Amino acid sequence: MKDAVETPSDRTLARIPEVGSAPIGSDAERHLSELWESAPGWRGWLSTVDHKEIGLRYLVTSFIFLLIGGGEALIMRVQLAGPDRHLLTPEQYNQLFTMHGITMIFLYALPVLSGFSNYLWPLMLGSRDMAFPRLNALSYWLFLFAGLFLYASFPLGEGPNSGWFNYVPLAGLEYNTGPNIDVYALGMVLLGISTTVGAVNFIVTLFRMRAPGMSIDKVPILVWGTLTASVANIFAVPSVSLAFFLLWLDRRNGTHFFDPLNDGKPMLWQHLFWMFGHPWVYVIVLPAMGIVSDALPTFCRRPLVGYAAVALSTMATMLLGFGVWIHHMFATGLPALAISFFGATSLAISIPSAVAVFAWIATIWLGRPVFQTPFLFFAGFVLLFVMGGLSGVMTAAVPLDLQLNDTYFVVAHLHYVLLGINVFPVVGGIYYWFPKFCGRMMNETLGKWSFWVLFIGFNLGFFPMHVAGLLGMPRRIYTYAPNMGWNSVNLVTSIGSFVFAAGILIFLSNIAFSLKRGALAPQNPWDAPTLEWAVPAPPPPYNFAVIPFIASRHPLWEDRLDTAEGRSNLQEGYLLMEGRETLGTTALDAVPDVILKMPDDTYAPFFLALFGSLGFAGLLLDWNRFTFLMTAAAGLSLAAWMWPRQKLVQRLPGVNGVTEAGRG
Amino acid sequence: MHDSGSEYRHCTAGGNAFFPLAFGSMPDTAMKAETEAAPLNYFLHSYGPASLPTMHLGWVFTAVVMIVLLIIALLLAGALFRKRTPAAAQAIGRENEGMRWIYIGTGLSTAALFALAVYMLITLNQVAQPAQPPALTVTVTAYDWWWKIEYDDDDPARRVVTANEIHIPVGRPVLVKLQSADVIHAFWAPLLAGKTQMIPGLLNRQWLQADAEGIYRGQCVQYCGLQHAHMGFEIVAQRPEAFRAWQDAQRKAAAPASEPNAAAGQKFFIEQCAGCHSVRGTDAAGKHAPDLTHLNSRRMLAAGLLTNTPEHRIEWTTRVQDLKPGARMPAFALTPGETAALSAFLSTLD
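Those sequence lines, one after another, are chains V and C.
Quick note, the first sequence lines up with residues 1 to 664 if you use this note's numbering.
Quick note, the second sequence lines up with residues 1 to 350 if you use this note's numbering.
If you are wondering where the hints come from, they were derived from the structure by calculation, not from laboratory data.
Note that the coordinates shown come from a computational prediction; the quantities given were computed from them, not determined experimentally.
Just so you know, not all the hints are guaranteed correct.
Claimed, not checked - Restraint-style ranges between C-beta atoms, simulated for each label pair:
1. V:Leu-621 with C:Lys-252: 40 to 50 Å
2. V:Gly-178 with C:Gly-286: 23 to 33 Å
3. V:Ala-39 with C:Gly-78: 48 to 58 Å
Note that the Cβ used here is the ideal one computed from N, Cα and C, for glycine as well.
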């Protein structure tokens, strides 16, 4: 490590940074605080680019969407609790299940994981912020506005109503004349921008922002999960954005991409949608699996078994995940030979999942489990993960899927996957990192209650759905006849869903209680091994007073782990305090490479997102002049953002022809 | 012909009013009771070679999956609660151990998945094609929210058009051609075969075969809008001679309504209903709604929503938007005279 300091690899560096220490309360530390703090009040609120602030906003916003989507589900479960109930009209039911899907899949499941990753990445990687802090702010604002956009027409009774999968021609103009689908189409294109810039930010952050010494084989599994998901997003999101854009063109600009009456192809929609849709499933579970892989070992008092195998299996899952989209389309009449290939791949995708499952079980088996609340969620998750995976194996079997597909069996499967593999790790993750987020511990008693109520309610609610599916109950029906054999299973499911909702309420009350009255949290309450526990709780605005040197995967356990990897140094490191600065390191070995000049707080991302979203609203309402004005305003915001600033210069101008100016 | 229809009514008179199964040749009443309770229960019931291998596949997969779940649950419980030798509170386990868990666990999983995949492909091959070429072709066209059923014939006069009720000869493979008149639907008679989407602009095919006489429930299983929930159909499997008799009856045009009340009803029908419905043998030749020439030969109304009784026929005509909100048919406010006339006319449509 020290060698790297003495002989910089790049002679164009503006200066060689000092190495030193900056304990809490020292002049240097106070200076750092001033440099990185956001302005108080609404100014700071709108202009901050602090990844911790943005991460928390992602978490809170997506959790609010989870509650809204959950409320929609409860209303549907009242309707379905018995046969022939007419609480809802068919149209209301259709909008509810569509918005439930959109909300949970797009506005909760990924954003909540982006929240964790945004908050945790720089702390786990030993950096002072994400690679592109302003882009990070833009990504959040666009997510928020896209969420509001997608909900704009729902209160008026004109919400999207063709299912989250939105098949044409049902979603086409001929069968859906209102604004319902236009809102969905444009909202998804807008949200796609947020997802894409967020993904770019994560990828560059991983390869550029790790503390010196943290070679690529030392990053936490959560980082691998989010990296894999981000790379997948770069390839998958264009497919869905294109699909929705073409649909909008069909609906409002007279094209015929999907219109069968004019040689358009409804199958094109299914392909484009599921080429995105299936990788997306892994996008919203792999980072959550990463949460477990990182946090579970803490409570087992030992490192994760098979770190490299789990990291590789994460990427293998994603790679295979791009080759299975046809398993959503087995019933479309494709030739048996073609679908048998996709069926076999869909079975094979369980293999990397098996790696992770046995790694977790081995970690518990070989460890000494401490039964605190987060651990309950992670251990419970392992069982739910297996159940969701096994029902997935059944749906991968082509002939069987031709029966199971579009029945409640698939509803059960996808909820075991999305709740089991996303919500349980997320809630466990909140229990785990809450002390870091807020500086207080969450209540253990309420915590254990919330786990058991959620776990029982979940299985009570969703397991009978498997049975409903095997009894032939189709998805997306607003009511059913009393003589179909589905009455009891549906009643049990409805009861279970309300038990689950009670568990969420206990969890929320625990948060509300602990925010004010929780015990003050020490820096590392769980005796965890990773870097985010080496900073105070909550972390100071600059994260790390000095950029630490990292020697192993478990910097806080090194004294007890007895490895030959050397010792990390968290007290002494690069000071970097001539303005907002952090260290850029090389992609694989994390050798110090460049001093990164980080941008100040700015309103530009907020206004770019605001005007951009208003531009989309203009497209929706067909206000062409307004759209044009908003696009121009967005362009001005972008110009203000991109305006070259002397203080962001990272390398000496003129040396080796380098003239690079600011950074994003 | 009236005979074949009444045969079914006779057979099912003692059974469940909503889902009477007519297993004249099947003494297994226990099985009958079960299917009556859950007419789409494909997991426990299969009545033809297009679904039987799949049902067995489902059992094997379920068994394997339950065993794996049990093993994992036991391993997890063991991992959580096994006795451990005491150690210092601060102690941390070693990093590079336990890989054997992953090697063995993943190895066994891979072997099991490989075996399942082979079995799955064999089953797919079994259900993809019938053993002998289909004896009969039925074209099913899905509409919002009902099914048009056509039996092709080289002689146009011998074609049969009906709705929501497919008759097939028992024990013979039937080719079903599937198309859609509007949005995507899916054809699913799970006790006989898996589902196939009906995609506008495409002609899909599947085959099915019923090895036992009876009535098999089917359902649209691709979300298709407001009344996706009420888009059912029935497949009636009959002995070949009964099937032929049914076909012959269906080929006939409606007899002219002679009784005065029925004649008045026919006039009303031509004026009010003929834009969409057709009754062969009259001037009603609408193409947007079910062909009603032999309405009374069918067991159900409104794509499986109501049993076909004179009362339900009138209730459907007057309260269609309450019974099936969003259905393409408007509700009619009928005077008592019109009700009687229309009812009389509809009762002639045997």
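Each hint, compared with the structure:
Checked against the given bound of 40 to 50 Å, the beta carbons of Leu-621 of chain V and Lys-252 of chain C, roughly 57 Å apart, lie outside it. The hinted range of 23 to 33 Å is satisfied by Gly-178 of chain V and Gly-286 of chain C, whose Cβ atoms lie roughly 28 Å apart. In this structure the supplied range 48 to 58 Å holds for Ala-39 of chain V paired with Gly-78 of chain C, their Cβ-Cβ distance being about 55 Å.
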